[in-house]
Amino acid sequence: MSATNDSLVIARRNLIRMGRIPEMIIFGLIQPIMFVVLFTYVFGGSIQVGSSTSTQAYREFLMAGIFAQTVTFATAGAGAGIADDMHKGLIDRFRSLPMARGAVLTGRTLADLVQTTLTLVVLAVVALIVGWRTHENLGKVLAGFGLLLLLGYAFSWIGALIGLSVRTPEAATSGGLIWLFPLTFISNAFVDANQMPTFLRHIAEWNPFSATVQASRELFGNLPPGFQPPDAWPMQHPVWASLIWSVVIILTFRTLAVRKYRRAHG
Amino acid sequence: MPGAIYAEGLVKTFGDVRALDGVDLDVPEGTVLGLLGPNGAGKTTTVRCLTTLLNPDSGSAVVAGMDVLKNPDAVRRSIGLSGQFAAVDEYLTGRENLQMVGQLYQMRAKEAKARAVELLEQFDLTDAADRPTKTYSGGMRRRLDLAAALVVSPPVMFMDEPTTGLDPRNRQLLWDVIKRLVSGGTTLLLTTQYLEEADHLAHDIAVVDHGRVIATGTSDQLKARTGGERVEVVVHQREDIQSASEVLRGFGKGETTVEDHMRKLTVPVAGGAKLLAEVIRELDTRGIEIDDIGLRRPTLDDVFLSLTGHVAETKDEENGKEAVK
Chain L
33 MSATNDSLVI ARRNLIRMGR IPEMIIFGLI QPIMFVVLFT YVFGGSIQVG SSTSTQAYRE
93 FLMAGIFAQT VTFATAGAGA GIADDMHKGL IDRFRSLPMA RGAVLTGRTL ADLVQTTLTL
153 VVLAVVALIV GWRTHENLGK VLAGFGLLLL LGYAFSWIGA LIGLSVRTPE AATSGGLIWL
213 FPLTFISNAF VDANQMPTFL RHIAEWNPFS ATVQASRELF GNLPPGFQPP DAWPMQHPVW
273 ASLIWSVVII LTFRTLAVRK YRRAHG
Chain H
7 MPGAIYAEGL VKTFGDVRAL DGVDLDVPEG TVLGLLGPNG AGKTTTVRCL TTLLNPDSGS
67 AVVAGMDVLK NPDAVRRSIG LSGQFAAVDE YLTGRENLQM VGQLYQMRAK EAKARAVELL
127 EQFDLTDAAD RPTKTYSGGM RRRLDLAAAL VVSPPVMFMD EPTTGLDPRN RQLLWDVIKR
187 LVSGGTTLLL TTQYLEEADH LAHDIAVVDH GRVIATGTSD QLKARTGGER VEVVVHQRED
247 IQSASEVLRG FGKGETTVED HMRKLTVPVA GGAKLLAEVI RELDTRGIEI DDIGLRRPTL
307 DDVFLSLTGH VAETKDEENG KEAVK
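Chains as they are written, first to last, in our numbering: chain L, 33 to 298; chain H, 7 to 331.
Okay, chain L solo, but in the shape it has when bound (with noise of 0.2 Å):
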């Protein structure tokens, strides 16, 4: 099928230039292996999670969280990927080859998603060796890395997104990390969400991030001593709740995305 192979041809471009390019996948692991070390060891036996203030209780709790938003920055690359082939005039050779329509994005997305997988591996490692342990079988455990895979994915089609509506790569970069922030904070990424304000906490219960960091915390078995999920549905069905929102927001994007691909002009 030619928007499969279309798609798995600019995959592979992709592929080679990050091959290239790999300073890119080096700092792309500086962030979230400094952010394990600097919670762990700083912020390590001051947090309480759960009925717990030990520090391996909040290790183990962290690094699902951690793991959650270094996928979610693969919108940044993927955005400032697509932003770059607009700006070189790349986009306009594609737009007038008789390729399938959505290739150009699907191949950038998969690209993306096969650099998360390795950024995922290096920073498990990474994590094993700061003392993060899982409690649960194989099978959970791929099955929560799964999870936060496809959630990267799903982001990454927001990347696309940004990466077709700004002017310069430059600024899909920053488009494409800043709203993250609030975003991965405003979650249970990092703290118990029980612990916060009302008004945050509604917010960080049902923000799709932290469907997809408590589904492969429970996944893991990370969850610390003496968690009681909230009530909010999502948190109640973690699982379910991270495949609803991370296949909603492939959906949504991708359709808009595409469509402002076939639009698009450099």
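Simulated from the structure, these hints should not be mistaken for lab results.
This one's a predicted model, so the numbers in the text were calculated from it and none came from an experiment.
Errors might be hidden in some of the hints.
Stated by the list, open to error - Okay, the calculated beta carbon distance ranges per label pair: (1) Arg295(L) / Asp298(H): 48 to 58 Å; (2) Val154(L) / Asp63(H): 47 to 57 Å; (3) Val279(L) / Arg114(H): 30 to 40 Å; (4) Asp73(H) / Gln268(L): 49 to 59 Å; (5) Val146(L) / Phe20(H): 31 to 41 Å; (6) Ile276(L) / Phe20(H): 32 to 42 Å; (7) Leu40(L) / His206(H): 36 to 46 Å.
Stated by the list, open to error - For lysine-lysine, the following DSS-like pairs were computed, each having C-alpha atoms within a straight-line distance of at most 30 Å: (8) Lys292(L) / Lys140(H); (9) Lys120(L) / Lys119(H); (10) Lys116(H) / Lys120(L).
Heads up, the beta-carbon is just placed ideally off N, CA and C, and yes, glycines get one too.
Guided by the hints, dock chain H onto chain L, whose structure is given.
Structure of chain H alone, referenced to chain L:
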């Protein structure tokens, strides 16, 4: 029967800017049309409409026998586009770029590979084939971009300012490639800011300004309309303007224009270098001291001047681009 490229009444507005204001074109199969005009005239927008990149607000276009608006995918299979910005992936090698484009034209991987080898050879890029293109010079990138447009040997080609920003040697190289291509029967629409380039490559020229085609014809026809060659004299002393003007009247075949503040006189002539020598002798005989004298051939400015009564507005690069977006 309409030509290989045919457009009628193309209109495109961007906010307040009317980038295309009713463009009509007809390019017979196997010929080259030069679309000549200053930045922001609507050249690029025209190309974008004809290559399915942009939908016009109104008007219609047929390329290679297919309706651009109703059947864009069929059009895309029959065209090659080479733009102003050398659209190649800078981190991919020349070979990888061409293979990728081949595969996106729906060639099999093996076919695309073989075609890339041929094109690299043809465009003198074999030695650089396996280097990332960011190490290429501007001219090499432009050649690769053109090669990418030729992967499937499309019957209809569009080139948007193919030589803008190139040094003379690379310009000549590219011209040779284009001429070879056209002698093979390809229909080509080429935009340019240089009359010389249109002169060199195009059978017909369409002059565009403010989103309209304001004149079409062969380069000779257009030059005839601009009054052909002229002699330009700058006298040393203002007092000499009067007598120099008398001298020129004897040689000219039209009215002499005088730009007082620059002490410059211009007169249309026929007779070339020989006549220029006679003018110099006559001025010398009368003891008129001159700072500068020359034979000027019509430029794009002259064409514009005679067609529109105003000099081609050379908007700066940014504005020009803004206007065509």
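Here is how each hint holds up against the structure:
no., hint, result
1, Arg295(L) / Asp298(H): 48 to 58 Å, "holds, 52 Å"
2, Val154(L) / Asp63(H): 47 to 57 Å, "holds, 51 Å"
3, Val279(L) / Arg114(H): 30 to 40 Å, "holds, 34 Å"
4, Asp73(H) / Gln268(L): 49 to 59 Å, "holds, 56 Å"
5, Val146(L) / Phe20(H): 31 to 41 Å, "holds, 38 Å"
6, Ile276(L) / Phe20(H): 32 to 42 Å, "holds, 40 Å"
7, Leu40(L) / His206(H): 36 to 46 Å, "holds, 42 Å"
8, Lys292(L) / Lys140(H), "holds, 29 Å"
9, Lys120(L) / Lys119(H), "holds, 24 Å"
10, Lys116(H) / Lys120(L), "holds, 28 Å"
Every hint, counting from the list given before, is met by this structure.
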